[in-house]
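**Student:** All chains should be built: construct the whole structure from the sequences, respecting the hints.
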Amino acid sequence: MERSTLDLWVGLFVIAGFAALTVLALKVGNMGSVSGGSTYQLSAQFTNIGGLKARAAVKSAGVVVGRVSQIGFDNQKFMATVTMNIDSKFKFPKDTSASILTAGLLGEQYVGLEGGAEDAMLANGETIKLTQSAVVLEKLISQFMYSKAAEGNNTK
Amino acid sequence: MFSRSSSINVRNIGHHAIDIVLRLGYATRFFALTVLHSGTSFIRFRLIVRELYYTGVLSMIIILISGLFVGMVLGYQGYQTLNTYCSESALGVLVALSLVRELGPVVSALLFASRAGSAMTAEIGLMKATEQLSAMEMMAVDPIARVVAPRFWAGVISMPLLAAMFSAMGVYGGYLIGVVVIGVDEGSFWSQMQSAVDFREDIVNGVIKSVVFGIAVTWIALFEGYDAPPTAEGVSGATTRTVVTSSLSILGLDFVLTAFMFRGI
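Top to bottom, those sequences are chains W and Y.
The opening residue of the first sequence carries number 1 in the working numbering; numbering runs sequentially from there.
The opening residue of the second sequence carries number 1 in the working numbering; numbering runs sequentially from there.
Hints are computed from structural coordinates only; laboratory data are not their basis.
Take the hints with a grain of salt, since some may be wrong.
To be verified - Beta-carbon label-pair distances, calculated as ranges:
id: 1; chain 1: W; residue 1: V135; chain 2: Y; residue 2: V35; range: 52 to 60 Å
id: 2; chain 1: W; residue 1: S43; chain 2: Y; residue 2: I43; range: 47 to 55 Å
id: 3; chain 1: Y; residue 1: Y76; chain 2: W; residue 2: G125; range: 48 to 56 Å
id: 4; chain 1: Y; residue 1: F69; chain 2: W; residue 2: L137; range: 40 to 48 Å
id: 5; chain 1: W; residue 1: F18; chain 2: Y; residue 2: T84; range: 37 to 45 Å
id: 6; chain 1: Y; residue 1: M138; chain 2: W; residue 2: D7; range: 30 to 38 Å
id: 7; chain 1: W; residue 1: A54; chain 2: Y; residue 2: S191; range: 19 to 27 Å
id: 8; chain 1: W; residue 1: G125; chain 2: Y; residue 2: D142; range: 55 to 63 Å
id: 9; chain 1: W; residue 1: F18; chain 2: Y; residue 2: L24; range: 34 to 42 Å
id: 10; chain 1: W; residue 1: I15; chain 2: Y; residue 2: V35; range: 22 to 30 Å
What the hints assert, rightly or not - Partial list, derived from the structure: chain Y residues whose beta carbon lies under 10 Å from chain W:
id: 11; residue: G92
id: 12; residue: I144
id: 13; residue: L161
Note that the structure is a prediction, hence the values are computed from the model and not measured.
Even for Gly, the Cβ is constructed at its ideal location relative to N, Cα and C.
**Tutor:** Structure (structure tokens):
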């Protein structure tokens, strides 16, 4: 008699533990979204990736379609090589352009894909040719200041 | 005169050092024996279930309540700090990551060490002091297989489950304070949390941590009990040493594991 109530409590304990793990996996973690399904790899080269990190999101039209898997450096062209895992459900044309964008003014950076018009689709391991690098705030400010200074010289 | 007292001091230091190494070796042999003799406790699984009740189920209340409070405190403190940068929508990320990666495994292991570990040491120490263990040996029952191994596996099984409960409860506590009381946007609380917390990197690493802590805490608790001098003083000293040693080794192991898992990309 005492034994069975003890078993009941231990059973409840184990169920509660696994329920907590499931809640963590599904509700807190991103187990439900992209990471589970099959993916294919695309790469792109950028002159500057800014603050992009591995595991950053790859978005198209604002929807997450994959994640950045690896960031490397090409010592021949002196460019950054970004490798992305894209969900197999989503196919992109050959003339897709990739750019590094920022969520909000100071938010985290992600790769934005913009589909092109060609019929042929990018396959596993191919490279995206059209890329646009991250906006570097310091460069932007210095450009703005130089153009202001130039304006001042012209009006004199 | 001077040389004589100093030689006694040197001898004392040497004696202590040899004693520590000896105990460590004995503890390692004890651990190996426990793992080798755990076949019986898996065949008679009832033994483990009984210990799961005493170590796991009875620790559940303290784990759940402290998880809730830690989460609520994180909600207030995190909001206070994030508010100065106008990024209070990242509160969910802060609460979830700090719980799943660090606080969940570490705090629940510390609580487990003082709640269940000390009880284990006292029980086994008293069994030894009242010669129950010798009586078992006399009846050809291996006390390691019958008494130690089921407790060890119960501790190893219940520790990750307790840590998961702690983290889940803490996230709920953070939600309660952040969203319900303060009024952070509910959508951004959950969605930012989900995009930042990775299953493999964060949750599985947290589970690995808590399994390691479970092994360390139960090993230390069982060994201290088994090695305790069979007197009232000896048992009380062993119980104190269990809590101190296992707390220190939890924090030390946490540093080592964190250095391996999250060294930054």
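**Student:** Each hint should be assessed against the structure and marked as holding or not.
**Tutor:** For each hint, the structure was consulted:
Evaluation of the 52 to 60 Å hint for V135(W) and V35(Y) yields a pass: the beta carbon distance comes to about 57 Å. A hinted range of 47 to 55 Å holds for the C-beta pair S43(W) and I43(Y), which are about 54 Å apart. Take Y76(Y) and G125(W): their Cβ atoms lie about 49 Å apart, and the range 48 to 56 Å holds. Distance hint check: the CB atoms of F69(Y) and L137(W) are about 41 Å apart, consistent with the given range 40 to 48 Å.
Restraint check, F18(W) to T84(Y): a C-beta distance of roughly 39 Å satisfies the suggested window 37 to 45 Å. The hinted range of 30 to 38 Å is satisfied by M138(Y) and D7(W), whose Cβ atoms lie roughly 31 Å apart. Between A54(W) and S191(Y) the CB atoms are about 21 Å apart, so this pair conforms to the stated range of 19 to 27 Å. Hint check: G125(W) to D142(Y), Cβ distance near 58 Å, so the stated range 55 to 63 Å holds.
Separated by about 36 Å at the C-beta atoms, F18(W) and L24(Y) satisfy the suggested range of 34 to 42 Å. With their beta carbons about 27 Å apart, I15(W) and V35(Y) fall inside the hinted range of 22 to 30 Å. At its closest, the beta carbon of G92(Y) sits 9 Å from a beta carbon of chain W; the interface hint therefore holds under the 10 Å criterion. For I144(Y), the interface hint is violated, since its Cβ never comes within 10 Å of a Cβ in chain W; the closest pair sits about 23 Å apart.
The beta carbon of L161(Y) is positioned within 10 Å of a beta carbon in chain W (closest approach about 3 Å), and the interface hint is therefore held.
When the structure is compared with the earlier hints, a violation turns up for hint 12 alone.
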